Amino acid sequence: MKTAQLLNALQQIPHKTTYFGPQGFALPNSDDELKQFQQGFSIHPDGTSLTGVNAGDWQKNWLVIAIDTELGDPYFVDTSLEQLPVFTAMHGEGMWQIDAVASSLNSFLACLKLLIKHGGQTTAQFVPDETSITNPTILTQLQSELIQASGCKDFWSLFFDCYFDWLEED
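In this note's numbering, the protein residues as written are 1 to 170.
In case anyone wonders, no lab produced these hints; they're calculated from the structure. None of the values given here were measured: they were computed from a predicted structure. Misleading hints may appear alongside valid ones.
[What the hints assert, rightly or not] Below, in silico cross-link-like pairs of lysine-lysine (DSS-like), each with a Cα-Cα straight-line distance of 25 Å or less:
1) K117 <-> K153
2) K113 <-> K2
3) K117 <-> K16
4) K2 <-> K35
5) K16 <-> K2
6) K2 <-> K60
7) K113 <-> K35
8) K60 <-> K35
9) K113 <-> K16
10) K16 <-> K35
11) K153 <-> K113
Please model the complete structure; the sequences and the hints are all you need to start from.
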């Protein structure tokens, strides 16, 4: 998939940033912004490559398509695979240990649309309020929908564990 096609696919999401509770996914709006998203991952700020071929290295076929708004962790596609599966990894750990987020770019976008539909947030929430979804039945149903849409149980289970912890902190 070419950069223009990728950006076009990402623009299916009506908001540049999708929030759910304190967590968020920031997407690029332009080719320049997509290039900026690569800094610190595949490209050093001085322009040199940060990619490698060893286990734990950032791979040259990984392209960052979103950034976690809370922690700065990357969400990236593997461009060597036709379905463009989406992964994440913790930033600043010394080596990249990836976790699957969605089985394809399209399933990732479907997940963001579900979060927008159910959450409707325009900013991150640091403290739950009257707009926060707190009903365990609704949250469990949404979690199931996200797991089904993404094809990736572990990531979305952890995502909701963090959300439930956030609700309980207040």
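Verification of the supplied hints:
A distance of roughly 20 Å separates the Cα atoms of K117 and K153; the hinted pair therefore holds under the 25 Å criterion. The suggested pairing of K113 with K2 holds, with an alpha-carbon distance near 23 Å, which does not exceed 25 Å. Our distance criterion of 25 Å between C-alpha atoms is met by K117 and K16, whose separation comes to about 15 Å. In summary, the hint linking K2 to K35 is supported, as the alpha carbons are separated by about 13 Å, within the 25 Å threshold.
Distance check on the hinted pair: K16 and K2 sit about 20 Å apart at the alpha-carbon level, within 25 Å; holds. Taken as a hint, the K2 and K60 pair is honoured in the structure, with Cα atoms around 15 Å apart against an allowance of 25 Å. With a C-alpha separation of about 24 Å, the suggested pairing of K113 with K35 holds against the 25 Å cut-off. With a C-alpha separation of about 14 Å, the suggested pair K60 and K35 falls inside the 25 Å cut-off, and the hint holds.
The straight-line distance between the Cα atoms of K113 and K16 is roughly 12 Å, inside the 25 Å bound, and the hint therefore holds. Between the alpha carbons of K16 and K35 the distance comes to roughly 16 Å, so the proposed pair stays at or under 25 Å and holds. Only pairs whose Cα atoms come within 25 Å are accepted, and K153 paired with K113 is accepted, the gap being roughly 18 Å.
Going down the numbered hints, you'll see the structure goes against none, and every one checks out.
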